[in-house]
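Given the sequences, and given the hints that come with them, work out the whole structure.
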Amino acid sequence: MKKIQILGLIIFILGLGIFSFIPFLGTYQLEQEIVQEKVKQEHQEQLLRVLKPMYGVEYESNFAFVSDFNQYFNEYNDELKANEEWDRVIWDNYAFDLTKASSHGAVKENPYFFLSISIFAGVIGALLYILPLYRGETEGIKNDGIYFSSMKSRGLLGIITGTWLIAFYIILYWFPEYLTNMVLMVDPLSILLSGNPASQWFLYGFIYTLAILVMGIRMFRKYKGNAYQTIRTASVMFFQLAFAFLIPEILVLLNMPWHDFKNIWPLDYSFFFDYRLEGMISSGALGMFMLVWGIILIVLGVPIFTYFYGKRWYCSWVCGCGGLAETLGDPYRQLSDKSLKAWKVERYLVHGVLVFAVVMTAVTIVNYFMQFELLGQATDQLHSIYGFAIGSAFAGVIGTGFYPFMGNRVWCRFGCPLAAYLGIVQRFKSRFRITTNGGQCISCGNCSTYCEMGIDVRWYAQRGQNIVRASCVGCGVCSAVCPRGVLKLENADEEGRINTNPILIGNKSITVKS
Amino acid sequence: MNDKNRKIVIIGNGIAGITCARNIRKNDSKTEILVISGESKYFFSRTALMYIYMGHMKYEHTKPYEDWFWEKNNISLKKAWVELINFQKKEILHDSSEKIEYDILVLATGSKPNKYDWPGQDFKGVQGLYSKQDLEEMERNTQDINHAVVVGGGLIGIEMAEMLVSRKIPVTFLVREKNFWDNVLPQDEAKLIGKHILEHHIDLRLETELKEILADENGTVNSIITNKGEKIHCQFVGLAVGVSPNVNFLRDSGLEINRGVLVDHYFQTNQTDVYAIGDCAEFKQAPSKDRKNIEQVWYTGRMHGETLANNLVSSPVAYQPGVWFNSAKFLDIEYQTYGIVPNQSIDELDSFYWEHQTGKNCIRLVYDKSSGKLVGVNSLGWRLRHEFFDLAIQEGWKLEEVLRQLPKADFNAEFFKKHYHQVLEKYEAETGQKIVVSKPSFLKRLIGSRS
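These protein sequence lines are chains R and V, in that order.
UniProt numbering puts the first residue of the first sequence at 1, with every later residue one more than the last.
UniProt numbering puts the first residue of the second sequence at 1, with every later residue one more than the last.
In short, the hints are calculated from the structure, not lab data.
Watch out, some of these pointers could steer you wrong.
Capping the alpha-carbon separation at 30 Å, the derived lysine-lysine pairs in DSBU-like fashion look like this [unchecked claim]:
1. V/K289 to R/K508
2. R/K222 to V/K191
3. R/K508 to V/K26
4. V/K418 to R/K224
5. V/K89 to V/K78
6. V/K191 to V/K408
7. R/K429 to V/K444
8. V/K284 to R/K508
9. R/K508 to V/K30
10. V/K124 to V/K90
11. V/K195 to R/K142
12. R/K341 to V/K132
13. V/K418 to R/K344
14. V/K360 to R/K142
15. V/K30 to R/K341
Which residues of chain V face chain R? A partial, calculated answer using Cβ under 10 Å [as the list claims (entries may be wrong)]:
16. K58
17. W118
18. W298
19. Y335
20. F389
Being a predicted model, the structure only gives us computed values, none of them experimental.
Built from N, CA and C at the ideal position, the CB exists for glycine as well.
Structure representation (structure tokens):
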């Protein structure tokens, strides 16, 4: 390793360490004015009273602050619940907003400084490490030593990384009040882009985008000379930066609803929720366009593009989840389970989630037009169950946190309802396939090993069969790592695409049906 | 033949033996099938051994079928080294005293690395690479070493060099020939690979042979001496000077053996109900005029297995291979070949050769001088469509027809630079013949249709 790379690694680890340490800085002090500012009118009276003991008290850590806040807040709610005064219970979550507003100290005073020594240091360190990678080496596959790497083969480093990611996601989704310092750090940036202070979701989107950009540059280094990988990576970097990060923030600046134009229902599971529909309908022509565009993508975009190009047009070229998997997750792609059993589990799970999403959306839409007269309560229940179990736990905690344990496509493979929908089209009505080149396969297993979706590519290749699988996201890595030039991603005529009785070329003695 | 409950025993679980077992089972659910191997219980891909050493894969990944596959398909596996076979009693002996009976025996014992009686070839740290055990030995032999020598400019030699380089072990690579693998490759291709070997910082010594291996007081190799008198310090010597059929344990058993087990075109040996396939088999007469008597290639092993399996369950046919094909990868450069491509010029054949200015891609189209028909093709750094050349060679397409259709033969990944324009330009410059390739419409290109 070159010296500059070691330096980069040190800077990166320091940056990550500081980032992880930032929540522990500063003091917290709640004032009456903060409650008046942050709490909805209907809850003001109660909360002003309930939180009174905290006013003016300086807390040394967010743990102490949040602990007291939760105690007073829950005491109040618990009492109402015990008396079954359900309509007076405060269901809103004020912990994050109040903690953020009560935060004092270094981070709040010098957000740019802390941003620089944590996130920006991490980016610079990572780039110092990544840019010299493979310099002076010839173009070709760079998989040497992957299974000797602690990070990439479920060693201690991999376990630490996975644990950190899982912890980060759990805190982000369910305990964001502990991350308020991190959010304060990106406040100026958020105000610059959208005119609003940052939420935990802005912080998350910002880190997410940086991860895709920086690790995308790593992809350029790793797969140099492979035009398909380079163009595809540039595509996911562009869509994340422009469509998932910048445009939505600018929309907010223009008083429009935050909207990601490339996100498609049912991955965007809340698309038909009443607040989203109302947001779009009440936002004039652009709002109507959001609604119509979203529906066009679902009913026309998915089938038409998937017919011509396979689901890869979305999953490995456009999608944000796919974008993270293909960049940040690339070092872990070989960890996916290729067993037949895993494939069975995958089919039940991913189609199960699709059914769940469809049912939930159908109930929501019916209710929307019936003014929530039917199953009104059930709709909310469904939304919160889906949001918790699928939207947060599955897609986030497991989806990304499990990269170092189960590979980089856990969510896409086992959970994403849009992937399931795209997959059904790809399997039954598409021009896309991975062509197997006659009889050239030597069963070495590189294709299967590096398939992030856990497809046993070799099973097909060694019998001369084209690979037509619902789950294939068309990342093209099987083709790249094949040492004998056996695999090619292609869009071509449907005739002969699915060859269930393939014939291996080369033996004229008999016709072998595999 | 399918009715009776017979027992087929296959010795060797490489691609030939396993393909045979699987294909018998596909058409015959009754016959008892037992595959014996001392190397491993489960079938793995021998060609992938290098990737285990390089850390691309683990041993599990090299197994093409999951472990439950064999039981599900009622194929019994036994891990044992066969020691003797009694062809009269139809008995196999393994592990000193254990006996296994068979009705039909298939020998698919593979190869062994060659050794040519070099002084010191049995020192510690000197080895060939063929089996899983060889790989394990190589792992032990290359711990904490600072220089290695690989002897033999063939496919296994360059693999060993690549493996060692992946572990950052400096390698000196001794090649007897004038250029790397030029007993198979024409000079242009051999030179192209030679340059690529140097790019990987491998110390390539052409026209250099091993004379002697020297060891320290513990009997571990510490240097070699070349035929030019040069002494090269090293702690590992990889011997990769070809392989021979692994048949020594069968000599003097009554089986007719030359270099390999002698068989006819039905894989029948001189013993009743005993067949030999794959690397260990030697055809008494080559299967066709452009084929060798011993075919030690993955693909031919597979075809032997397919054909014999057919013959054991339905009406026997003679082994008749189609158009020759093979492939390899030299460090980062892939090689494919279809049909006949001689390494030296032959009177009745001529060839057209194009090489990219980067020296990383080339194609050679060999054709019959009198008829102009294509007989073979070589490519480096350019994936070609097997189906296309299988058909073009079988049907004897004229060279210009092949060139006209060249875009269809391209099997490189999407967005890769197309080489055929340059190929056609060079052809025009050499012959004055302009070949026009119809350009696919914008729409066709947009939907990525095969041209």
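Worksheet item: Taken at face value, is the distance from the CA of V/K132 to the CA of R/K341 at most 30 Å?
Response: holds, 28 Å
Keeping to a limit of 30 Å between CA atoms, is the pair of V/K124 and V/K90 held or broken? violated, 39 Å
- Task: With a cut-off of 30 Å on the C-alpha distance, tell me whether V/K30 and R/K341 pass.
- Result: The given pair, whose Cα atoms are some 27 Å apart, holds under the 30 Å limit.
### Query
CA of V/K284 to CA of R/K508, is that 30 Å or under?
holds, 19 Å
*Compare the distance between the alpha carbons of R/K429 and V/K444 with 30 Å, and conclude whether the hinted pair is satisfied.*
holds, 18 Å
- Do the numbers back the hint for V/F389, that is, is its least Cβ distance to chain R under 10 Å? Nearest chain R Cβ about 9 Å off; hint holds.
Between V/K418 and R/K344, does the CA-CA distance stay at or below 30 Å? violated, 40 Å
Q: With chain R as the partner, please determine if V/W298 meets the hint condition of a C-beta pair closer than 10 Å.
A: holds, 5 Å
Task: Proposed proximity, R/K142 with V/K195 (alpha carbon, max 30 Å) - done: Since the Cα atoms of V/K195 and R/K142 sit roughly 20 Å apart, the hinted pair holds (cutoff 30 Å).
Q) Straight-line Cα separation of V/K89 and V/K78 no greater than 30 Å? A) holds, 21 Å
inquiry  = Just to be careful, I want the Cα atoms of R/K508 and V/K30 compared with a cutoff of 30 Å; is the pair within it?
reply    = Given pair R/K508, V/K30 holds - Cα atoms ~27 Å apart, limit 30 Å.
Measure nothing beyond the straight line between the CA atoms of R/K222 and V/K191; if it is 30 Å or shorter, mark the hint as holding.
-> holds, 27 Å
Figure legend: structure checked against the earlier numbered hints; hints not met, in rising order: 10, 13 and 17.
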